[in-house]
Amino acid sequence: MVNLGLIRRAWLEMRGPTIAFGLAAMVVSTMIHFALPRFQKSLEAFQLPASRLMNLNNLRSAMLGTDVSNAAGREIAAGVAWSHPFFLALVFAHIITVCTRVPAGEVDKGTMDVLLGLPVSRLQLFISETIAAVGTSCMVIVLSVIGSRIGNSMAPEGMTPDLGRVVMVAAVLMLLVAAVGAIAMLFSTITDRRMRAVAAVLMVVVASLLLNYLGLIWEPAKKAVFLSLLNYYRPIGPLGQGAWPLRDMAVLGGIAGAVWLAAGAWFSRRDLSTT
Amino acid sequence: MPESVIEVAGLTRRYGQRRGIEDVNLAIPDGSLYGFLGPNGAGKTTTIRVLLGFLRPTGGQARVFGLDCWRHSRRIKDEIGYIPGDLRLYPWLTGKVALSLFGSIRRRDLTAKGRELAEMFDLDMNVKVRRMSRGMRQKLGLVLSLAPDPRLLILDEPTSGLDPLMQDRLQDYLQRAALRGKTVFFSSHTLSEVERLCERVAIVREGKIVADDTLGELKRKAGHEVEIAWRPGGSRGVDVVPGLVLSTRTDVAWSGMFHGDVRSLMRWLGGLEVEDVVVRRPDLETLFRRYYEVEARS
Chain A
746 MVNLGLIRRA WLEMRGPTIA FGLAAMVVST MIHFALPRFQ KSLEAFQLPA SRLMNLNNLR
806 SAMLGTDVSN AAGREIAAGV AWSHPFFLAL VFAHIITVCT RVPAGEVDKG TMDVLLGLPV
866 SRLQLFISET IAAVGTSCMV IVLSVIGSRI GNSMAPEGMT PDLGRVVMVA AVLMLLVAAV
926 GAIAMLFSTI TDRRMRAVAA VLMVVVASLL LNYLGLIWEP AKKAVFLSLL NYYRPIGPLG
986 QGAWPLRDMA VLGGIAGAVW LAAGAWFSRR DLSTT
Chain B
2 MPESVIEVAG LTRRYGQRRG IEDVNLAIPD GSLYGFLGPN GAGKTTTIRV LLGFLRPTGG
62 QARVFGLDCW RHSRRIKDEI GYIPGDLRLY PWLTGKVALS LFGSIRRRDL TAKGRELAEM
122 FDLDMNVKVR RMSRGMRQKL GLVLSLAPDP RLLILDEPTS GLDPLMQDRL QDYLQRAALR
182 GKTVFFSSHT LSEVERLCER VAIVREGKIV ADDTLGELKR KAGHEVEIAW RPGGSRGVDV
242 VPGLVLSTRT DVAWSGMFHG DVRSLMRWLG GLEVEDVVVR RPDLETLFRR YYEVEARS
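In the order they appear, the protein sequences are chains A and B.
For the first sequence, the positions run 746 to 1020 when our numbering is used.
For the second sequence, the positions run 2 to 299 when our numbering is used.
Errors might be hidden in some of the hints.
[To be verified] Short derived list, chain B residues pointing at chain A, Cβ under 8 Å:
id	residue
1	ARG57
2	ARG64
3	PHE66
4	LYS78
5	PRO85
6	TRP93
7	LEU102
8	PHE103
9	LEU245
[Claimed, not checked] Derived pair list, reagent style DSS-like, types lysine-lysine, alpha-carbon separation capped at 27 Å:
id	chain 1	residue 1	chain 2	residue 2
10	A	LYS854	B	LYS220
11	B	LYS209	B	LYS222
12	B	LYS209	B	LYS220
13	A	LYS854	B	LYS129
14	B	LYS97	B	LYS114
15	B	LYS97	B	LYS129
FYI, nobody ran anything at the bench for these hints, they're computed from the structure.
For every residue, glycine included, the Cβ atom is placed at its ideal position computed from N, Cα and C.
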């Protein structure tokens, strides 16, 4: 079922983007986890009027995807950092790059005939790509966790969240990345053009971000917010309560699994060759 | 009769409304050098892609080593070396890395054989594909497909980009491989190399096989090319012998095709005022053109 040569090939292709995105995510994570706790601390020093405090809470709630009016400053700072759009953009860019390579990228480049001319089954190819995508995504997330700890180490005292809780956030983030990756694989399987697949999955991610944001500030959008992938990634929960968000994890895992199976089924049946 | 390595029956493949191949029938015996001829867009590559399990047939059957090409594609490819017509390789590969990588995918060590082939093709295995010329990339593709020493070689326009010396080396290698019992399925639109290399050819036109036979038999069926140069006034009042179809007829020269016993042609010529005569079997190029012209007319 697993062909180590195929995994090696995937790694040789993915290592450049993985190292680049991983280091970028680490640097950004370091900076955000260094700066946000300081900013949060300085905010707490001010006595803001109630109306302005409410506005600020709304803004942070929208960003974190949950009500933060009762959360402590340390959790809010870490929560904002873990759901910062710049950081998420890097993580998503990596998984989209990796998961649109086969088959759309291969067909686009014209290398599909050589790859599929080798004694490999489509299932082997699909599974090898999945293993490589999961492995490289883990690397990017681990580097992000390392970056967060480096940033936190320079943060004011009492602003560093517990490592166990950060690991929980990282695990939920991994499931979110898996869901985005599975969607990218599905689009890559459906189309022969990599840019089309990238555009389609970007639309899903941007729509999720938008829906998640609108759901918190606009009543009609609340009913549709369950459709947003980001609705199930709420770092403030595990950071504040220290409990696994099992429901969110089940939804993200379910989406990732179902879409991955659909992509695999399509991949095994479709025509594949350089056009 | 040797067992058929490739058996194709009524194979049809369409791309929506567009024609791919239609009702293709082939039986390629084990250990043969088989030429698959046709111009670009005739359906050669589509046939090959169905054989390798890239495309699912719309109708008919395609079997390699007795196994269904779509369902048992992986097992079949274990014993196939394939080079695509429009070869593209990963730009970050060097020859050495490619050999090691393809070896690990095939789960066998290709290093020694690959090195030997690289020497034969005069290829530097340390250069990255992105820095290679078209000919070098083609050589690397050949090294990678020949190195496993597979039972069946499916080569789609394998000599494109190769200089004549390398073409000769490849042809020699393929002839030796056939002597060792390997089967070579050689797709090309370069007629001279197919004529030199292959024992049997199929000609494909607009998705259909229009001829499939040994070269000798195709030539026999095609008859003889005849060129007659007449002495002054020699052709005046001469009736054409039965079986001779003229394509050119002037007072001093006739040319055309003769179908029938060549001795009757000689007897007829013996009694005429002939300056010079050429009678020969047509070469593959002439045959090929005739199949295309005849088909186009019909």
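For each hint, the structure was consulted:
1. ARG57: This interface hint holds because 6 Å falls under the 8 Å limit.
2. ARG64: Violated, because the Cβ-Cβ distance from ARG64 (chain B) to chain A comes to roughly 17 Å (cut-off 8 Å).
3. PHE66: With a minimum Cβ separation of about 12 Å from chain A (threshold 8 Å), the hint on PHE66 (chain B) is violated.
4. LYS78: This interface hint holds because 4 Å falls under the 8 Å limit.
5. PRO85: holds, 4 Å
6. TRP93: holds, 7 Å
7. LEU102: Holds, about 6 Å.
8. PHE103: holds, 7 Å
9. LEU245: violated, 47 Å
10. A:LYS854 - B:LYS220: violated, 42 Å
11. B:LYS209 - B:LYS222: Status holds; Cα separation ~19 Å.
12. B:LYS209 - B:LYS220: Judged against 27 Å, a Cα distance of about 20 Å means the pair holds.
13. A:LYS854 - B:LYS129: Holds: LYS854 (chain A) and LYS129 (chain B) sit about 17 Å apart, inside 27 Å.
14. B:LYS97 - B:LYS114: holds, 12 Å
15. B:LYS97 - B:LYS129: holds, 9 Å
Figure legend: structure checked against the earlier numbered hints; hints not met, in rising order: 2, 3, 9 and 10.
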